[in-house]
Structures are given as C-alpha cells and as structure tokens.
Amino acid sequence: MKYDVIIIGGGVIGCSILRRLSLTNQRVLLLEKGSDVAVGASRANSGIVHAGYDAEVGTLKARLNVKGAAMFMDLHRQLEFPYVNTGSLVLANKEGLNGLYGLLNKGIINGVPDLKLLSRKELLDIEPNIADDIAFGLYAPTAGIVSPYELTVCLAENAIVNGATVNTDEEVVFIKKNADTYSVKTNRCAYSCTVLINCAGAGAADIDKLAGEKVPRMTYKRGDYYVLDESEYTKYRHPCFPLPNSNGKGILVTPTADGNILVGPTSIKVADGYCTGIGSEGLKQIRENSSKIVKGLDFRKVIRVFAGVRSGIGDDFVIESGMNPDYIKVEGINSPGLSASPAIAEYVVDELMLASSVNVVYKDDVMVYKRKPLARELPEDELHDLIKEHSEFSKVVCRCEKITEGDLDAVLNSPLPPKTLDAVKRRARAGMGRCQGGFCTLRLMELLAERYGVSIDDVTKSGEGSNVILCDIYNDPHMV
Amino acid sequence: MIDFDVVIIGGGPAGMAAALSAIKQDVSVLLIERDKRLGGVLQQCVHNGFGLHYFNEELTGTEYAERFEQSVLSSSVKVMLDSFVIDIKADKTLTVMSAEEGIVHISAKSIVLAMGCRERPAGAIAIAGDRPCGVWTAGFAQKLCNIKGKLVGKRIVILGSGDIGLIMARRMTYSGAKVLMVCEIMPYSGGLKRNIVQCLEDNDIPLYLSTTITDIVGKKRVEGVHIAQVDSKMNVIESTKRYIECDSVLLSIGLIPENELIRDIGVEMSRITQGAVVDETRQTSISGIYSCGNVLHVHDLVDNVSREGELAGYHAALYAKSSEPLGNKKYKVIASEGVRYALPQLINAENIVGDGSGTVKLFFRVGGVYSNSAVVVKCEGREILRRPKPVFSPGEMESVVLKTKDITGDIYIGIENLPHN
Amino acid sequence: MKKEYTCIMCPMGCSLTVTEGKSGIAVSGNSCRRGAEYAIQEYKDPKRIVTALAFTDVVNCVVPVKTDALIPKGKITDVLAVVSQLKISLPISLGQVVVSNVCDLGANIIVTRTLGAIGKR
Chain S
641 MKYDVIIIGG GVIGCSILRR LSLTNQRVLL LEKGSDVAVG ASRANSGIVH AGYDAEVGTL
701 KARLNVKGAA MFMDLHRQLE FPYVNTGSLV LANKEGLNGL YGLLNKGIIN GVPDLKLLSR
761 KELLDIEPNI ADDIAFGLYA PTAGIVSPYE LTVCLAENAI VNGATVNTDE EVVFIKKNAD
821 TYSVKTNRCA YSCTVLINCA GAGAADIDKL AGEKVPRMTY KRGDYYVLDE SEYTKYRHPC
881 FPLPNSNGKG ILVTPTADGN ILVGPTSIKV ADGYCTGIGS EGLKQIRENS SKIVKGLDFR
941 KVIRVFAGVR SGIGDDFVIE SGMNPDYIKV EGINSPGLSA SPAIAEYVVD ELMLASSVNV
1001 VYKDDVMVYK RKPLARELPE DELHDLIKEH SEFSKVVCRC EKITEGDLDA VLNSPLPPKT
1061 LDAVKRRARA GMGRCQGGFC TLRLMELLAE RYGVSIDDVT KSGEGSNVIL CDIYNDPHMV
Chain D
10 MIDFDVVIIG GGPAGMAAAL SAIKQDVSVL LIERDKRLGG VLQQCVHNGF GLHYFNEELT
70 GTEYAERFEQ SVLSSSVKVM LDSFVIDIKA DKTLTVMSAE EGIVHISAKS IVLAMGCRER
130 PAGAIAIAGD RPCGVWTAGF AQKLCNIKGK LVGKRIVILG SGDIGLIMAR RMTYSGAKVL
190 MVCEIMPYSG GLKRNIVQCL EDNDIPLYLS TTITDIVGKK RVEGVHIAQV DSKMNVIEST
250 KRYIECDSVL LSIGLIPENE LIRDIGVEMS RITQGAVVDE TRQTSISGIY SCGNVLHVHD
310 LVDNVSREGE LAGYHAALYA KSSEPLGNKK YKVIASEGVR YALPQLINAE NIVGDGSGTV
370 KLFFRVGGVY SNSAVVVKCE GREILRRPKP VFSPGEMESV VLKTKDITGD IYIGIENLPH
430 N
Chain E
472 MKKEYTCIMC PMGCSLTVTE GKSGIAVSGN SCRRGAEYAI QEYKDPKRIV TALAFTDVVN
532 CVVPVKTDAL IPKGKITDVL AVVSQLKISL PISLGQVVVS NVCDLGANII VTRTLGAIGK
592 R
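Residue numbers (our numbering), protein chains in the order written: chain S, 641 to 1120; chain D, 10 to 430; chain E, 472 to 592.
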C-alpha cells in the first residue's frame, strides 16, 4: 500500500506528528510494534507539562518546550484530553536560593512567561504541605499536568477521524530506499511511502540502521515511580520539584491528571529502552528523597509502582532531516519531550518537511473526535434517561472507578479500539482504581472477547504472548 | 422516592442473613445486590468447610449461599439484583442505579451495610521487577477456575498464606496445575491450620515462612520469580535469594473492607479494621446505619458473618420500628497488650442490648503468636474474665462472652503470658 | 512404622508422631486427647470430602461438585480423574447426583450449585 508519509512509532511524538499531518493533504500511516499506542516511554513518565526553565539556553529542548507548553491549553480545549494548568514549583531550602536564581534567569532567557520567586509564606498559601525547611520556591504558572497516554490515544483517534491510519502490532523489519520512495516491510505487510519519519523512541537507532542512516549512540535511564491512592490527591496541588542536579530534575511529587499522586522518578542507567523492571533500590531512594521537598506523604497509600525508560542522544533532542531529506529523524526525545510534543509536531510538519519531496497543504475542514462522557459524569436525570434507553449504562463493571458496560462499549468502538486489557484501562480507567482490576478483569475480558468475536482464552493483558488464561482445567495429561 | 423500613446493601452472606433476620420483625426490607445473583463471593467458594457452626454440617460455600438464597427468595424481602448503590446520605437516602428502573431514590429508616471486602492488589506491596502478565490475586484465579473452568497458569508460586491462597493452592492442584510453593513473609501463616494441612500438606506443597518474592522476571508473561528469606526486621537476606521458574504468581496478601460508599458521610472508621466503629448492636456512629460482615471487619468463618448479619439486621429492624436512638453514653472497648483490635468498639452504657441473652460477645484478633497465654478482660480495674489458651494466632478470630452485669465502664481486653510451670 | 502429622484440632498445630510397634499404635507430641484421636485416624485411614469442578454443555461454564461422603485420601486422584471427564447438561440443581458410587467408594458425586440453562454467571 502506498502512503505519502509513514511514521514509525506510536508514542506521543509519533501521534502528535500523525495528528498534525492528518490535518493536511498527506496520506499518512503510523506503524507501531506494540498492540496499542503509548506503550513505551509515553506510558511511563511524570505526566508533567514543564514550563521550560530547565533546558539549556539555545537548545531545541528549550525552544520547543516553551513553545509546546504554550500550545497545550489550546490543544486541550480542542481535543479535551485530561490536562490541568496547575503551574509548578521548584522548592529549595535557604542554601538553594542561588540555584533558584539560576533557574529563573535561564527561564527568562528561554522565554518562559511569568516566572516568580516565592517566599516560604507565599508558598504555604498555594502549597500547604511543603517540607519544614523549604524557604524559597520558583513558581512557573505555565506548567501543568497531563495524562500522557490519554493524550496519545486522543491524538491518534483524532488523526484517524481525519483520515490517517494507525496499524498496531506491526513491527518494521525491513526498509529500502528506492529512487523516490521507501519500501517498508513489517512482520505483517509491505508498504511504500515518500517520506519516512522515525519516532521509534527507544528503538530509533534500530530503525536508522534499517534505513541505512547514521546510527546514533543512545543512552537509557530508568525512572521508578510510586502511585498513591486518590485519597491523597488533595494533599499536593502542584508538581513539586527539588533543585535539579546533574542527573535530571530529581525526585518530584505531583498530582496526576488521573487524580492520583505520583512520586518519582529515579534516574538509573540501564542497558536498553525496554529495561522497565522496577528496582527495589530505586523505590528506597524515592521514599528517602521525596520527604526533602514535601511532608505528609503516606507510602501506605501506594496502589502501584511502575518504571519507564528515557532514551536520549547527547544532551539535546535530535530532530532533523537524515542523509536523505525524505527521512526525518525525531530521536532522543526524553524530558521535556511530552511538554514539547505539540511544538515538535509543528516543527517537523511545517519546517522540516518543506525540504522533503511532498508538498504539505493544510485542509480547510478538521474533524474533532470527542469521547462520550462517562455515565458517572452525567447529571442524574440524563443518566436515568440513558439507562432507560440503553440498560448497559446501569451495569457497573469497574466499581472502583464506576465504569459501566455502556462506557466500555463506547470505548471498544472508538476510532482506535483497544485490543488488550491494558489498552482498555488506558482509555476507560477500568481496573485502574484501588482494586487494580481484581473484580472487573473477568468482565472486561468477556467484553473484549465479544467485541472481537474470539474466546476469552484469546484475551491478552498487553498483546501477543500475554494471555490471561493459559488453559482449561484438567489440561494436564497426568491427571486425565 | 421509594420508602423502606430497612435497606440492606450487599447480597452476600452478611446481607442475606441481615435481610432474613430483619423481615422477621414485620418491617419492609429491601436487599440491593450488584450481581445477577445473590451469594457474593461464596458463589466462587466451591470448597467445603462452611456451615459447621451455623448449620451443624459441613457444606461448600456454594451450598451455604444457596440455602440462604432460597430463604431470601421465598421470603417477603424485596430483592433488587443487578443494582448498584451510587450514593448514600447521612439522612439515610440512597441513590441506586438499576437496569430496569434507571436511577432510583430510596429512603430508608435504617440501613445495613454489607458490602464485603476486596483483596489487596499487587501494587500495594510494591514488588520490584517486571510487570508481565501472570500476577493475579488468588480470588481472581479462583473466579476464573471455579466459574469459567480456566487456569491462569500451570506452574504457580503463591505469595501470602491467607486462606484464599491456601484454598487456591489445593484448587489449582486438583485442576491440573503445579503449585510450587507458598511464600509467607511473616514467621507464621495467616491462614487456618486446617487449610495448611488439607490444602498444602495433603498435596506436598511447601510453605516457606519468613520468605518473600523480591522481584518478578518476565517481559510478556511471568517467567520466574526471585524469592528470599527475610530477617526479623523484614529485610531481605541476600544470601538466601534464589530463582524459581514459574508462569504465574497468585497473591493472598490480605483483604480490605470495601467502605468507599460511606467515605464521605461521616461514619467514624477504625484505622485498624478499616471498617466502621460500632456498638454491640453493630450500629455505626450515625444512628440507624449498621454494618456487618467483612465490610465491618474481615472474618475467617462465614458462620460468624451470618451471625453478625442477623444481629445487625435485627437491630436495624427494631430501630426502623421505634426510630429511637439508643442513649448517647457508651463504654469503650479498648484493645490493650497483644490484642490488635476488639469488636464491637463501643457498648451502650445505660441499656446494654447484647443479643438478649444477658451477654455481649467480643470478637478480637491478636497481633502475634502467643503461646501459653490468657485473654484477660478488665473493667474499672476489675478482672471480669480470664481465659487461658495454649495458643493465640493472628490468623484466627477469637471471641469471649461477657456478662452484661459486669460491664460498668470502659473495657480493656489484652493477652497475658502465663508463667511456665 | 513412624509417621508425622500436624494437628488441625486447634490453632496450636502440634507436631504429632504416630509410632506403630508390636505393642500397638502410640501417639506422641499431642497436647490433648483430640490430637491423639486425630493422629490415629490420619494414620489408619485418612479421609476427605473432595470438591471439584465439572465441565458443562455450556462453553466456559463449569459447575461445582463434591463427594457426598468421606473418601480415602489416597483415592482423591482417582475421583478427580472421573470428574474431569464429566460433561453435565444444564440446567442442573443443587444436590443432583451426577456419578453414583464413584470408583466403588460408596460415595456419590453431587452438584453443589444450581445453574440455569444458559449458564449465566
């Protein structure tokens, strides 16, 4: 099949570019080797839209972060993914004042608007649970929190309703440069395209190698996180950072757009981009360090731990045309990649693609896909009428998050329908609550099986090889 | 708005018993259940050992549930199945969502909470390592096996020696899987002795005490786990670490009462039981709201759950008829040395209600294993009860019966070591 | 002949040793008479009620069953082998016999839960 543009990698970067291209005359395909979008670094990060005072002056990171953060509010209004413009705080004790001034100055040069140094008293007014020895803080009002996977799914859905194609479970195994096109083969199909965009995240170097492009040297750092129950949500109102050190932004405490509290990440060198095993030493580090900036963290309220890997190339993003102007590299997008994502997409489509062989023209009509509100979000009388018409909206599947069968039907029939239990969770939050799916998983499996006309035996947690059910009872030949 | 005298939330063993006991008092009773059928978790408890105290015979969980189910369905209790309570208010009005009726508002004179409990999930104990498919709570594996006839794995390591874990060790073995071991981080098992013998020893499944899973290995599916012993401070002893190849991990690491429904209405809660604070009638701090069964405190015998349901249902019916709250003055029941909690936490001072027998039964759990000890109950400095026992174990709920005439002030219940003779 | 057991008569869980010699059977390690009786029963003729699942004629739906009398512990595997081969037609009611006198042990296999025709649940 022939496309104008193929994007490899369905993370937040690939899907941002996909969505932007879907608003143009280009025929676009996104290939993702996982069974859903947002299954790599885009799933496992802090979910913060940084203001942009961290990045070194003059870098792509600085420019695209500040611009991206400014674009988020509009994008949120348009597409309605979970995003809150909370503002952020860097917290320091008495000795840290110089460090805060350093950040403030960098922020001003980077163009971050409205940065402000706050005294302890001012801090307490807006963030009551800061640690006792915190004396000063840097307030960045343009920062916010976002659900990174819901954002990614939302971008993909919106790209699809505007004509783009997303193929999951397709791993690129072969790339060949022809005279005017690229031939791309996956484990399933063969495609061709004019422009190829590498957004493969942790796998970017592998794709460069297949394409005969210069292969970068990548570094990988794992971040471990704790997620605390929603009952802790009201304790902290902003993403709270310590002063950054050479190892990154340090261990932060933040509310999430999903309504939990997140504590982390660590920053531990690992061998590749798929080393997402959580380290017990990392968890210990989080418990010890988080109390330096805030108080009252209750680690008995942990509902989950997870880890993500940040893949980097040198100190800056690599966003450039390859040896061939029809090959575009969007690589080494570690922090603040999520914050920069809308600006990265704009940069790639509006600037880098000018040098390519395709002629990008924006369409006049833009479709917007908006998810139906969940049953629990409806006013009572509307919900009553809805149930009278569709009784599935009364059948609560996930009791922790109060997600009904009707809600799940809608999700299962969305533009990018979830194929796995994890994908359902990312869209509907079913199973994300405090019981972690103990009660609802079986019903979710049945709904998935019904949707795809398969047996519950075929339902997986996260794609091929992760079936929940291994066999029927009495399957052991010794027994029968 | 639909009016009922007594509304019971939850159609498991506690709720069914409460409904049957309330209806005997000639009041109108509504039982609300979110499932398609009554029985609660007993529907997946196909093993036996139920009913020895209540029915004087040994039944499976399913048989036990069905006896109550039949009684309820043939009584004049109004049953709403497939119905979900979305809200309760302190004035005892409820908002219920049901397939047939849509959103319904119900006004009750008294409410009995019988929502049961849920399993502690893996996230709560923060195991290191990968997050592959194949880590489940024992109850989830039980539901798949006992209702659908499906196995989550063929080579299984069980973490935690709670009763569901032990029961599932035997069930998975009987159903064709190989259960390699049960690991318990504590130096003692959290399950009943009977289950350790009949579920583990009968099937040659080893139980490793003071042992935990340090990390899980596997990308898509569990490939193995590292296990290690822990010292008395729960620190992993690195030299004891070893790798066990398996395809699944089942967790039996505790149960948590499901009280989210009443989180915002101001019912006083116990931090220890994670259930409501109640008096001897099982009335909570909001008069007319009662709590019983596993939503109040986690039981190990369903027979006790049914008895507690009956007690709560009876008093909820009396309350609905009279609408007269009991006196405000209450004595406290205080768990002292060695006792983790005792329930009820309060006893009505002026008019001790009890169960009509002139006695009040106190349930309690100990905080550790105590051998050659006695449970001692004191009131105003007087010892009002002393019962020696060869051993007290945290896995088994204990009880003592107090005479109401002895209760003249706050009650202290503790464990005393007996001198060795 | 010497065998070890864990007593289940109370939470104490005494380690019981049964020794059989010329003078008969002796129990040691017990703290009470019930422990001794339990050990002797377990030594001479340990028995269990077996509970299990049986397939039905409805996909992905099993029905719970049990033996309606104690059977020798050593025969559990034989009984499970019989149960694993069953395919029970729904509807079926609590207490219905699905195998009489299983393995000639003098116990029947009975259903322990009423299940409807469509196998709901």
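Keep in mind that the hints were calculated from the coordinates and are not lab data. For each residue, glycine too, the CB sits at the ideal point set by N, CA and C. A couple of the hints might just be wrong.
Here are the computed lysine-lysine pairs in the DSS-like style, where the Cα-Cα straight-line distance is at most 30 Å [as the list claims (entries may be wrong)]:
no.	chain 1	residue 1	chain 2	residue 2
1	D	K341	S	K935
2	D	K98	S	K1012
3	D	K187	E	K493
4	S	K854	S	K875
5	D	K101	D	K152
6	S	K889	D	K33
7	D	K187	E	K546
8	S	K924	S	K941
9	S	K734	S	K1012
10	D	K228	S	K924
11	D	K101	S	K1059
12	S	K849	D	K163
13	D	K45	S	K1059
14	D	K229	S	K849
15	D	K33	S	K941
16	D	K45	E	K558
17	D	K250	D	K339
18	D	K228	S	K825
19	E	K493	D	K152
20	S	K909	S	K756
21	E	K474	E	K518
22	D	K229	S	K825
23	S	K1059	D	K339
24	S	K1003	S	K746
25	S	K1042	D	K370
26	S	K875	D	K98
27	D	K187	E	K474
28	S	K924	D	K387
Okay, the calculated beta carbon distance ranges per label pair [what the hints assert, rightly or not]:
no.	chain 1	residue 1	chain 2	residue 2	range
29	E	T490	S	G1105	51 to 61 Å
30	D	I343	S	R940	51 to 61 Å
31	S	E1029	D	S116	51 to 61 Å
32	S	G936	D	Y252	30 to 40 Å
33	D	E346	S	R940	42 to 52 Å
34	S	E735	D	M243	49 to 59 Å
35	E	T488	D	K412	50 to 60 Å
Part of the chain D face toward chain S, derived, beta carbon under 7 Å [said to hold, decoys possible]:
no.	residue
36	G111
37	I115
38	S116
39	K118
40	C142
Here is how each hint holds up against the structure:
Note on K341(D) and K935(S): the hinted pairing is violated, with a Cα-Cα distance of about 33 Å set against a maximum of 30 Å. Simply put, K98(D) and K1012(S) have alpha-carbon atoms about 28 Å apart, close enough for the 30 Å limit, and the pair holds. Between the alpha carbons of K187(D) and K493(E) the distance comes to roughly 40 Å, so the proposed pair goes past 30 Å and is violated. A hinted pair counts as satisfied when its Cα atoms are at most 30 Å apart, and K854(S) with K875(S) does not qualify at roughly 48 Å.
Between K101(D) and K152(D), the direct Cα distance comes to roughly 34 Å. Violation of the 30 Å bound is thereby established for this hinted pair. As the CA atoms of K889(S) and K33(D) are separated by approximately 65 Å, the hinted pair breaks the 30 Å bound. Among the hinted pairs, K187(D) with K546(E) is consistent with the structure: their alpha-carbon atoms are about 19 Å apart, no more than 30 Å. Between K924(S) and K941(S), the direct Cα distance comes to roughly 16 Å. Compliance with the 30 Å bound is thereby established for this hinted pair.
Between the alpha carbons of K734(S) and K1012(S) the distance comes to roughly 49 Å, so the proposed pair goes past 30 Å and is violated. Restraint check for K228(D) and K924(S): satisfied, since their Cα atoms lie roughly 23 Å apart, inside the 30 Å limit. Simply put, K101(D) and K1059(S) have alpha-carbon atoms about 42 Å apart, too far for the 30 Å limit, and the pair is violated. The straight-line distance between the Cα atoms of K849(S) and K163(D) is roughly 40 Å, outside the 30 Å bound, and the hint therefore fails.
Of the pairs offered as hints, the one joining K45(D) and K1059(S) holds, with about 27 Å between alpha carbons and a cut-off of 30 Å not exceeded. Proposed proximity of K229(D) and K849(S) is supported: the alpha carbons are some 26 Å apart, at most 30 Å. Using a Cα cut-off of 30 Å, the hinted pair K33(D) and K941(S) is violated, with the two alpha carbons roughly 42 Å apart. Of the supplied pair hints, the one linking K45(D) and K558(E) holds, its CA atoms being roughly 25 Å apart against a limit of 30 Å.
For the proposed pair K250(D) and K339(D), the alpha carbon gap of about 52 Å is over 30 Å, so the pair is violated. For the proposed pair K228(D) and K825(S), the alpha carbon gap of about 25 Å is at most 30 Å, so the pair holds. Using a Cα cut-off of 30 Å, the hinted pair K493(E) and K152(D) is violated, with the two alpha carbons roughly 51 Å apart. The straight-line distance between the Cα atoms of K909(S) and K756(S) is roughly 34 Å, outside the 30 Å bound, and the hint therefore fails.
With a C-alpha separation of about 16 Å, the suggested pair K474(E) and K518(E) falls inside the 30 Å cut-off, and the hint holds. Restraint check: the Cα-Cα separation between K229(D) and K825(S) comes to about 24 Å, which is no more than 30 Å; the hinted pair holds. The suggested pairing of K1059(S) with K339(D) is violated, with an alpha-carbon distance near 56 Å, which exceeds 30 Å. Distance hint between K1003(S) and K746(S) is unfulfilled; the C-alpha atoms sit about 38 Å from each other, more than 30 Å.
Among the hinted pairs, K1042(S) with K370(D) is inconsistent with the structure: their alpha-carbon atoms are about 37 Å apart, more than 30 Å. A threshold of 30 Å between alpha carbons decides the hint, and for K875(S) with K98(D) the separation of about 25 Å falls inside it, so the pair holds. This hinted pair checks out: K187(D) and K474(E) have alpha carbons roughly 25 Å apart, not beyond 30 Å. Proposed proximity of K924(S) and K387(D) is contradicted: the alpha carbons are some 43 Å apart, above 30 Å.
The supplied range of 51 to 61 Å is met by T490(E) and G1105(S), whose beta-carbon atoms lie about 53 Å from each other. In this structure the supplied range 51 to 61 Å is violated for I343(D) paired with R940(S), their Cβ-Cβ distance being about 23 Å. In this structure the supplied range 51 to 61 Å is violated for E1029(S) paired with S116(D), their Cβ-Cβ distance being about 27 Å. The hinted range of 30 to 40 Å is satisfied by G936(S) and Y252(D), whose Cβ atoms lie roughly 39 Å apart.
Between E346(D) and R940(S) the C-beta distance comes to about 24 Å, which lies outside the given range of 42 to 52 Å. A hinted range of 49 to 59 Å for the beta carbons of E735(S) and M243(D) is inconsistent with their spacing of about 36 Å. Take T488(E) and K412(D): their Cβ atoms lie about 42 Å apart, and the range 50 to 60 Å is violated. Against a cut-off of 7 Å between C-beta atoms, the interface hint on G111(D) holds, since the closest Cβ of chain S lies about 4 Å away.
Evaluation of the I115(D) hint against chain S yields a violated restraint, the C-beta minimum of about 14 Å exceeding 7 Å. A distance limit of 7 Å between C-beta atoms decides the matter here; for S116(D) the minimum to chain S is near 16 Å, and the interface restraint is violated. Because the closest C-beta pair between K118(D) and chain S is about 23 Å apart, greater than 7 Å, the hint is violated. With a least beta-carbon distance of about 4 Å to chain S, the hint placing C142(D) at the interface is held under the 7 Å criterion.
Against the hints set out earlier in the document, violations occur for numbers 1, 3, 4, 5, 6, 9, 11, 12, 15, 17, 19, 20, 23, 24, 25, 28, 30, 31, 33, 34, 35, 37, 38 and 39.
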